[in-house]
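Undergrad: The residues making up each chain are set out below.
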Amino acid sequence: MKAVYQKPESLTSETTIYCPGCGHGIIQKLIAEVIDELGVRERTIGIAPVGCAVLSYNYFNFDVTEAAHGRAPAVATAIKRLLPSRIVFTYQGDGDLAAIGTAEIIHAAARGENFSVFFINNAVYGMTKGQMAPTTLEGQITTTTPGGRNPQIHGFPIRVCELLSSLDGVTYLERTTTSSIQGIISTKKAIKKAILWQMQQKGMSFVEILASCPTNWKKSPADSMKWIKETLEKYYPVKVFKDPGNIL
Amino acid sequence: MRLKILNGCEASAEGAISAGCAFYAGYPITPQNRFPEYMSERMEHFGGVFIQAESETSSINMLFGAAAAGFRCMTSSSSPGISLMQEGISYLAGCELPAVIVNMVRGGPGLGDVTPSQSDYFQSTRGGGHGDYRTIVLAPWSCQEIHDHTYLAFDLADKYRNPVIVLGDGLIAQMYETVRLKPTKKRFPKKPWALDGCSGRKPNSLKSLFLTPGVLEAHNWKLASKWARIEKREIRCESYYCKNSSYIVVSFGTCARIAKEAVERARQEGTDIGLFRPITLWPFPYAQLAECLKNAKKVLVVEMNLGQMIDDVKIAARNSNARIFFYGRPGGGVPDPDEIYKEIKKK
Ligand SMILES: Cc1ncc(C[n+]2csc(CCOP(=O)(O)OP(=O)(O)O)c2C)c(N)n1
Ligand code: SF4
Ligand SMILES: [Mg+2]
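If you're matching them up, the sequences are chains Y and G in order.
Position 42 of the first sequence, counting from 1, maps to 47 under my numbering, and the rest follow consecutively.
Position 270 of the second sequence, counting from 1, maps to 289 under my numbering, and the rest follow consecutively.
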């Protein structure tokens, strides 16, 4: 019999804790596929966030460490500086990266630290059960914005790619989506480019990925995809912000 | 033998370099600004990594990464910066990662001042961050000792896979003394648990999260047995004229050095007095102090704070009949020998 599809070697056989329709499962599989395709599994080191993806070290079949909430870029900075020939990436949610860890990501980016960042923007705090995130949209209902996010009270959502695009230390910067097959294919491409740019030692490569959290959005997985496409992508346009050349 | 005139920051930095420190991250704060400045130059010279971090929070998490990758690493700061590091130190302890943290203590609370203090004793010896953990704490009283202690701290950190704190103060940080430098370390313990890519082995992971019921408790019991081992093996202290003395002064770090002068003077005048000086503040030398207190009628605890180590002295003295007195200077006050001498006489 001919095998037409196999689980990537970079994933373990562990069952994830992710809810049905969750973006994390899709994205982590893409990362694993890319690492397999580039043949770098044995020299990759991942840094897990505090968030729903906290157990990443159980799912990835390569070296992965925990990091305190938001501090993955600081942890990655040291690992990559000391082991420059390894592939180092952080995997971070919006609360992790754009709230508690804002200083760490901005400064790692400003220093041009040569690792890749996969930023999973689901516009909500998944793990703690649905509070407002820094990327929660205006009007979006969360458990701490029961009447919808009101900028007058809760402030405005942060567009992280736009913010980082002014920093010279960031080489490659793209926002992708997982709301369609097309989007998922582009996301995989972006993940691959980010790692390839890292291998060129050019500075930080950063991919923001719009992802679903059906559980906390209180939507079906199918409706969640629709909401990303029709609502989230409007505020966070899918776009290449920085790409220094053709690397694929 | 290499002799150099160095201040406490430089002496500690040289101790780290001799011990094979490959990574330093820090953020400026008085009274230890010389530390990152000196390290920036020295690490470049030795091919190590120096990073001026955006905050102490970031510094300590950089240490987490450096330690995770299997490298010897350190940071230095002073009290407010060390407060910011506490979550990170707790993670290091929970994940069993070796790292060295130098705290040149200044007066607090809050922004306090920039003068020498010992008011971070509780924070250093009781864990400091969240969770049930301990860090080894070394309290030097000279530039030579901060050099030696920093060097030792790296070995202890690796040996027990635990963060180690070197507790100096603003005085040690800024005073210059002659220091005999340690030879450069050549052989280091292997770290098969480190994360450097899973080439030829199963993947490694580092974590302090254990969600399965009972597993975190088991992890804590395992850590507890490690700390019990440290308590058994790593106690360090010094005593001067303590044998059979009826009056014992207990003091640590800079303050002990000042107190020693006062004790010497009192002895010259015939007072039956000795000085006991814990060098490891955790593990605290309870048994050694209890031994010194056998014939003691009076104990004077002298600290540059409102009375923190005195709690440990009371534990050590629980079977002694000696009366315990305290003399302290909080908020960056530094006593002089005369002041302590008068205090000795008063009691
Ligand atoms: C210092 C600290 N504060 C708060 C928390 C609690 N906490 C855990 S995960 C999380 C938010 C996670 O949201 P996000 O980063 O968006 O990840 P997601 O679960 O949505 O993927 C929070 C607030 C923590 N673990 N540590
Ligand atoms: S809560 Fe949301 S982000 Fe977390 S696993 Fe479930 S769907 Fe995914
Ligand atoms: Mg989120």
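Everything labelled a hint here was simulated from the structure, so no lab data went into it.
Since the model is a prediction, treat every value here as computed from it, not as a measurement.
Positions of the beta carbon are idealized from the N, C-alpha and C atoms, including for glycine.
Treat the hints loosely; a few may be bogus.
Calculated from the model, a selection of chain Y residues having no Cβ within reach of chain G, i.e. all distances over 12 Å [claimed, not checked]:
| no. | residue |
| --- | --- |
| 1 | P25 |
| 2 | R46 |
| 3 | R48 |
| 4 | F65 |
| 5 | T82 |
| 6 | K239 |
| 7 | V243 |
| 8 | K247 |
List time: in silico DSS-like cross-link candidates among lysine-lysine, alpha-carbon distance up to 27 Å [what the hints assert, rightly or not]:
| no. | chain 1 | residue 1 | chain 2 | residue 2 |
| --- | --- | --- | --- | --- |
| 9 | G | K204 | G | K23 |
| 10 | G | K201 | G | K226 |
| 11 | G | K317 | G | K365 |
| 12 | G | K221 | Y | K34 |
| 13 | Y | K207 | Y | K194 |
| 14 | G | K23 | G | K205 |
| 15 | Y | K34 | G | K226 |
| 16 | G | K226 | Y | K12 |
| 17 | G | K221 | Y | K193 |
| 18 | G | K221 | G | K209 |
| 19 | G | K221 | Y | K12 |
| 20 | G | K226 | Y | K134 |
| 21 | Y | K197 | G | K221 |
Undergrad: Are the hints correct? Go through all of them and say.
TA: How the hints compare with the structure:
Residue-level check passed: P25 (chain Y) sits 20 Å from the nearest beta carbon of chain G, beyond 12 Å. Distance check for R46 (chain Y) against chain G: the nearest CB is about 7 Å away, which does not clear 12 Å, and the non-interface claim fails. With 12 Å as the threshold on Cβ separation, the claim that R48 (chain Y) sits away from chain G is violated: the shortest Cβ distance comes to roughly 4 Å. Separation of F65 (chain Y) from chain G is inadequate, the least Cβ-Cβ distance of about 7 Å not exceeding the 12 Å criterion.
The claim that T82 (chain Y) is not at the interface with chain G is violated, since a C-beta of that chain comes within 12 Å of its own (minimum 6 Å). Chain G leaves K239 (chain Y) outside its interface by the beta-carbon criterion, the shortest separation being 33 Å against a cut-off of 12 Å. Listed as a non-interface residue, V243 (chain Y) keeps its Cβ farther than 12 Å from every Cβ of chain G; the least gap is roughly 30 Å. Distance to chain G confirms K247 (chain Y) as a non-interface residue, since its nearest Cβ pair spans about 22 Å, more than 12 Å.
With a C-alpha separation of about 18 Å, the suggested pair K204 (chain G) and K23 (chain G) falls inside the 27 Å cut-off, and the hint holds. A hinted pair counts as satisfied when its Cα atoms are at most 27 Å apart, and K201 (chain G) with K226 (chain G) does not qualify at roughly 35 Å. A distance of roughly 12 Å separates the Cα atoms of K317 (chain G) and K365 (chain G); the hinted pair therefore holds under the 27 Å criterion. A distance of roughly 20 Å separates the Cα atoms of K221 (chain G) and K34 (chain Y); the hinted pair therefore holds under the 27 Å criterion.
Only pairs whose Cα atoms come within 27 Å are accepted, and K207 (chain Y) paired with K194 (chain Y) is accepted, the gap being roughly 18 Å. This hinted pair checks out: K23 (chain G) and K205 (chain G) have alpha carbons roughly 21 Å apart, not beyond 27 Å. Distance hint between K34 (chain Y) and K226 (chain G) is fulfilled; the C-alpha atoms sit about 22 Å from each other, no more than 27 Å. As the CA atoms of K226 (chain G) and K12 (chain Y) are separated by approximately 25 Å, the hinted pair is consistent with the 27 Å bound.
Simply put, K221 (chain G) and K193 (chain Y) have alpha-carbon atoms about 26 Å apart, close enough for the 27 Å limit, and the pair holds. Pair hint K221 (chain G) plus K209 (chain G) holds up; C-alpha atoms about 17 Å apart against a cutoff of 27 Å. For the given pair, K221 (chain G) sits about 18 Å from K12 (chain Y) by alpha-carbon distance, which is consistent with the 27 Å threshold. Taken as a hint, the K226 (chain G) and K134 (chain Y) pair is honoured in the structure, with Cα atoms around 22 Å apart against an allowance of 27 Å.
Distance hint between K197 (chain Y) and K221 (chain G) is fulfilled; the C-alpha atoms sit about 24 Å from each other, no more than 27 Å.
Checked against the numbered hints above, the structure violates hints 2, 3, 4, 5, 10; every other hint is satisfied.
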